[in-house]
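Colleague: Sequence order for the protein chains is A and B. Going left to right, the first sequence walks through residues 1 to 112 as my numbering numbers them. Going left to right, the second sequence walks through residues 1001 to 1114 as my numbering numbers them.
Hints listed in this document are in silico derivations from the structure and should not be mistaken for laboratory results. A hint or two may mislead.
[As the list claims (entries may be wrong)] Derived BS3-like pairs: lysine-lysine, alpha-carbon spacing no greater than 27 Å straight-line:
no., chain 1, residue 1, chain 2, residue 2
1, B, Lys1052, B, Lys1030
2, B, Lys1030, A, Lys49
3, A, Lys49, A, Lys78
4, A, Lys69, A, Lys99
5, A, Lys107, A, Lys69
6, B, Lys1030, A, Lys99
7, B, Lys1030, A, Lys78
8, A, Lys78, A, Lys107
9, A, Lys49, A, Lys107
[As the list claims (entries may be wrong)] The calculated label-pair distances, taken between Cβ atoms and stated as ranges, are:
no., chain 1, residue 1, chain 2, residue 2, range
10, B, Glu1096, A, Thr55, 41 to 49 Å
11, B, Asp1062, A, Gln71, 38 to 46 Å
12, A, Asn41, B, Ala1002, 15 to 23 Å
13, B, His1018, A, Gln42, 21 to 29 Å
14, A, Asn41, B, Leu1082, 22 to 30 Å
15, A, Asn41, B, Gln1017, 22 to 30 Å
16, A, Leu46, B, Phe1060, 18 to 26 Å
17, A, Ala1, B, Arg1063, 22 to 30 Å
As the structure is a prediction and not an experimental result, all values here were calculated from the model. Every residue gets a Cβ at the ideal spot worked out from N, C-alpha and C, and that includes glycine.
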Amino acid sequence: AQSVTQLDSQVPVFEEAPVELRCNYSSSVSVYLFWYVQYPNQGLQLLLKYLSGSTLVESINGFEAEFNKSQTSFHLRKPSVHISDTAEYFCAVAGGYQKVTFGTGTKLQVIP
Amino acid sequence: DAGVTQSPTHLIKTRGQHVTLRCSPISGHKSVSWYQQVLGQGPQFIFQYYEKEERGRGNFPDRFSARQFPNYSSELNVNALLLGDSALYLCASSLEQFSNQPQHFGDGTRLSIL
């Protein structure tokens, strides 16, 4: 069985400040890890993924996440947030035939 | 290219009724997965279909069923609707069935049960 824990349901942060959204997972098999973003009234969009190789992965819009196997974590970070980053962020773990398990989500609220 | 399209966007039903939700994957994608997202929670996996065969099933009752057609589009059926079935139903497609494939989501069908 696999599970994902997102410790923070809401994270308020001022514009241009750094942010970290936490994600921990558990699994008995090798996993792939993902972060998805969901804007209001929309589906989920892939932000970044870890499949193998370098433990630090980056997205095109400045987010990065680091896979830490010993701590079973995949935290999402951005050094300077923008108003447009306000959304809900979901961490997900997948193994086997693409049975994806999502966390409960973290709402990022960027304050002007 | 068009993204994943789902229909209808909104639906209101009453308890005991039946509903069919439809999904068209991105062109060339052979795998379709269905998720239920209850308000305030993350999506929960319902089914995965690949090449018209069921490849995975989540912890949902037999009232939930699905199928995939030769053109890779898919339908999700829910019978004997309950109030607890009110949710956003998301469809996602990917090129292949494997778990390292990122999924592309549609905007969902919001189902409300009265």
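Colleague: Each of the hints needs a verdict: does it hold here or not?
Modeller: Against the structure, the hints come out as follows:
1. B:Lys1052 - B:Lys1030: Distance of about 9 Å is within 27 Å: holds.
2. B:Lys1030 - A:Lys49: holds (21 Å)
3. A:Lys49 - A:Lys78: holds (15 Å)
4. A:Lys69 - A:Lys99: Holds - the C-alpha atoms of Lys99 of chain A and Lys69 of chain A are around 20 Å apart, at most 27 Å.
5. A:Lys107 - A:Lys69: holds (25 Å)
6. B:Lys1030 - A:Lys99: holds (16 Å)
7. B:Lys1030 - A:Lys78: violated (34 Å)
8. A:Lys78 - A:Lys107: Measuring from Cα to Cα gives roughly 15 Å; hence the hint holds.
9. A:Lys49 - A:Lys107: Roughly 19 Å between the alpha carbons, so the hint for Lys49 of chain A and Lys107 of chain A holds.
10. B:Glu1096 - A:Thr55: 41 to 49 Å: violated (25 Å)
11. B:Asp1062 - A:Gln71: 38 to 46 Å: Cβ of Asp1062 of chain B to Cβ of Gln71 of chain A: about 39 Å, so the range 38 to 46 Å holds.
12. A:Asn41 - B:Ala1002: 15 to 23 Å: The hint (15 to 23 Å, Cβ to Cβ) holds, given that Asn41 of chain A and Ala1002 of chain B are roughly 19 Å apart.
13. B:His1018 - A:Gln42: 21 to 29 Å: Check passed, 27 Å falls within 21 to 29 Å.
14. A:Asn41 - B:Leu1082: 22 to 30 Å: holds (24 Å)
15. A:Asn41 - B:Gln1017: 22 to 30 Å: holds (24 Å)
16. A:Leu46 - B:Phe1060: 18 to 26 Å: With Cβ atoms ~24 Å apart, the hint holds.
17. A:Ala1 - B:Arg1063: 22 to 30 Å: Taking Cβ atoms as reference, Ala1 of chain A and Arg1063 of chain B lie about 23 Å apart, which means the hint holds.
Against the hints set out earlier in the document, violations occur for numbers 7 and 10.
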